[in-house]
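K.L.:
Under full-length UniProt numbering, the sequence shown has 186 at position 186, and the numbering climbs by one with no breaks.
Treat the hints as calculated values from the structure; they're not laboratory data. No experiment lies behind these values; they were computed from the predicted model shown.
Label-pair ranges, simulated between beta-carbon atoms: (1) E519 with T1035: 58 to 68 angstroms; (2) D121 with A629: 52 to 62 angstroms; (3) M1031 with D121: 47 to 57 angstroms; (4) E434 with L346: 28 to 38 angstroms; (5) D473 with D642: 44 to 54 angstroms; (6) D103 with T1035: 55 to 65 angstroms.
Backbone N, C-alpha and C fix where the C-beta goes; we use that ideal spot for every residue, glycine too.
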Amino acid sequence: MLSSGLLRPSTDGKVTYPPGVKEISDKISKEEMVRRLKMVVKTFMDMDQDSEEEKELYLNLALHLASDFFLKHPDKDVRLLVACCLADIFRIYAPEAPYTSPDKLKDIFMFITRQLKGLEDTKSAQFNRYFYLLENIAWVKSYNICFELEDSNEIFTQLYRTLFQVINNGHNQKVHMHMVDLMSSIICEGDTVSQELLDTVLVNLVPAHKNLNKQAYDLAKALLKRTAQAIEPYITNFFNQVLMLGKTSVSDLSEHVFDLILELYNIDSHLLLSVLPQLEFKLKVLTTMLCVPLFFSLYSSFLSVFKYILVKRETTKMVRSHDPEEAIRHDVIVSIVTAAKKDLSLVNDALLNIVKERTLDKRRKKSREAMMGLASIYRKYSLQGEGGREASKQISWIKDKLLHIYYQNSIDDRLLVERVFAQYMVPYNLETTERMKCLYYLYATLDTNAVKALNEMWKCQNMLRNHVKDLLDLIKKPKSEASSKAVFAKVMVITRNLPDPGKAQDFVKKLAQVLEDDERIRDQLETLVSPACSCKQAEVCVRDITKKLGSPKQPSNPFLEMVKFLLERIAPVHIDTESISALIKQVNKSIDGTADDEEEGVPTEEAIRAGLELLKVLSFTHPVSFHSAETFESLLGCLKMDDEKVAEAALQIFKNTGNKMEESFPHIKSVLLPVLQSKAKRGPPRQAKYAIHCINAMFTNRDTHFAQIFEPLHKSLDPANLEQLITPLTTLGHLAQLAPEQFAAPLKSLVANFIVKDLLMNDRKIVLTNFFFFLWTSIQIQGIKLMVRWLLGVKNNQSKSGNSTLRMLTAILHSDGDLTEQGRMGKPDMSRLRLAAACALLKLAQEPCYHEIITLEQYQLCALVINDECYQVRQCFAQKLHRGLCRLRLPLEYMAVFALCAKDPVKERRAHARQCLVKNVNIRREYLKQHAAINKLLSLLPEYVVPYTIHLLAHDPDYVKVQDIEQLKEIKEALWFVLEIIMAKNENNSHAFIRKMVENIKQTKDAQSPNDPKTNEKLYTVCDVAMNIIMSKSTTYSLESPKDPVLPTRFFTKPDKNFSNTKNYLPPEMKAFFTPGKPKSANVLGAVNKPLSSAGKQLQSKASRMETTSNHDSSSNPSSPQRSKTRYALLVKEIHPSSPTCKAALLFTDKIKNSDEQNSPPKKGRRGRPPKSAASNQETPAKGRRGRKKAAPPPEEDDEENEEEEEEEERVDEEEEDEEDDKSSENLEVKPKGGRQARTPRRLQGYELLPHTIHLRHPL
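Please model the complete structure; the sequences and the hints are all you need to start from.
P.N.:
Laid out in structure tokens, this is it:
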């Protein structure tokens, strides 16, 4: 074949090119060479074997393309085009090859083999050309020419290795088929199969490699089935060499013979026809030598032998779950999952934990394998019920673990969780009733973080669905420059929700163009993102869109894959109107007691609570799905039930979903309105609140309905009837916020006369019992909330009501919560009032018109609440602060308040505050990346928190002596608490910017007290502390600042050009406390995602708890504590045993049963701040130390009443945030359980207020 041929190159050696193609040489550019080669490829592609004239004409060109210039060209596009030409040349000139040199043939085929590596990237733009190359050489069997070459084994082995390496799950059946055709022709038509070539095939059957690349295993399996007859002698020879002659050196696979025998037997038993006699002889020898009974059983059952050996080997590998070899770790996962799916009793919890650990493997393939394995185990034993209740209980943790992965930062992890949820946890293809039942009981059994993850998943999918809907709306608008920019912006937003945003951006742009051109696809996508789309419609739309965009000519289509990802995220495959109706029926069954709650392993009360919570979440993400008469009638029935939780949930759902009820369901409206009015007047406070918001959201003539509620409630207010005040005040407060103009005059009078005079300034001398103090405090808190809601509704300070309210709130803080200063209030009530005042001030600060009038003294006094002596006050205040900052509603100076958390005595509180800071910094940086907010840098750029922090710490009331080392060390810790997070990333040379900012502050004066030398000295000293921290932690601080910082004029005077402050204000001893080192980055997940009420619990001895000062006060009776508490409980029951306030009081009573009572009235003056240095298990101090207080550490058990009602911050309306206030203010934990000491309280310096009588005078 190599020596003969009819065609020979012309003697003149001139190369003839196809028409329009100029000479191809090294003198032209790469781009021009590629262009010309494409024309050559087209010419050869169109030629066939009968074109004798053309074959003769282009023979020299064929030889020219095989020159080293092309075979060794550095550009991959050139090499690919040349390889396609050579493949066509072998086809055209077959059976004779135009190349006669064996060395040249070897170079050509090794060159083509190297080009086949391009098949690995199925998303490459050149993949179709690589596929053409494979198809061509497989069809022509080009490699068969190499049989006559001496180096044929090297060529074939390299080809096989390449194909087994590049095969992956992105390839379709055609690629797989052509690979099998190419390789099988070499085995079937060749004279021999070398051991090296055989090893290249068999190695893919070894379990470690099999599990590492499943597609390579499938390819080897198909090849062996195709060539079973031809390859069987070589397999027999291999096993003969190893088993009979003991020549293990013949192959590296000698140690895997038993694995290979089992795999080959499963593939095709004919492959082992000659191996079985060898195996029989081997087993007889082992039996004779060892006389082990095991071998008799092995001898009797061939399959049992190898299953035993396989299990033994797999068990050994399971111990190596942390093996450095990636293949072994993967093998362990597959082995455990396979065994568990066969029989769960074969694996214990330790083995399942190995798979659980691998879900966080850095290798995405391993983590994906582990997740899918756990999901399949969960579906089999939990959903399908195989194995019974015990098996279901054993793997009950899997559902939580899988959803927890949604907290990972990678979008790929989130997409995988969404896919697992839709296919394994709540299969979308189940019948509607069964699907909702599955979701209902799943939601009831998830842990808190898993529920949050699931809620977040629905929220993200709904958000992406809305983005796609917005894109469709923009595309339908007339083309203009503005609309093009809007489309591009929306494309960028959608891209961030897809894997590989770099590539996805181009694909989403292409999709936008397709939607603009193809009206049918656009209509299908509009139906898909429509709120009224049903699950069945969604399936049809997805199928039609993918079919329309797909092309059978393209074996791999990255654009279509991206579209499938997008459709998978936005398609409503679980929730529609029919699903919501089925879910409500399931909840009603639980309420009626006819559901299978106990059989599902869920207590009925938990099932009802979870079902209502699930409906509330879905009412936010899928409100239109609730729009059916059947659903609304069921909710109306829930609203009339005696169970407060059920009625409350129904009200929230009505509020979220009933915006079109008046026009679409008038019969429901006529029945619902009287119920809402009744709830607003006489229902529990929370139901009254939601009733008002329902009327606001659902009815067009709301003013009329509001008036019918306002007038009778306003007239019925009576301070003597305490029990009947809380609900009216709650209702009036929300009416004041929603309709401040409608009731302007009566509200003004109500606030001035009733709230201020009768509630807040009335000392209630007649009331002496603890319960009435508790009830009276709850009423005062509602009065504070009413004032704040009124101001938030008015949104202006024209009447100076904002100034008076702020003075009222700061007076409450300044007096420790005892406005009348009579000394008769208990510490719990004082704590509740402090918290209510501080949270009210934070709410007002979120409104620009009120933020402007908050003085620096008021801001600093509010900031100190984060160091309150009561643990729950610190906790709830930090939660409110964090929420306001995350929503970018609170000004940036309030982020500096977190610096004071460095003094918190509880480690977990400090850690949580740090995580809150990290999250806030990340939110602001991400916002600045996505929005061109150059004019808002001062209010958004996280680095600008540094001057606010410096100013706040300079006015810290605990910072008294300017040069005191201990106080400066605390200042340093507080500064580093913030700077560590700000300096974690040195983006745009931010370290130099911060340094410049601190230098500029030293050239100014404190705007709060510009003429006070001591105040300015404190400010400069804190600046020097900050400068030393920056210099010790950064190596780039001395570079040029990218911008000249602008300092806030409220806090600092303008720099004096004639004043140069280069003095160092720090004592020399402080230098030893600045240690060098880089700031550490923090993971924002975890602590911020955990409920604040679950902060760390301290371990203490019983004696320590007994000796700790209590955080409540009982000044009514100095008798024995137990007797007082018993009388208190009886008094509560006698008043109104079924009232909400009584229930809260009883709960309050249970919490103080085991605590000591402090009979002396509380001391006046500002409360002490809990120190950071005290140990959590410190004993009671010696008697000689006076003026010290104990800080209340975290409670020992979580209080369910303190949990947030709204899980998703972004979707909670302003009025719904009050739920947390309602709960935390009524149920503050007062039982101290730690032995930490608090610093002696000091009077605030620079916070002297006017006498209370002047401050509390309301201008109204």
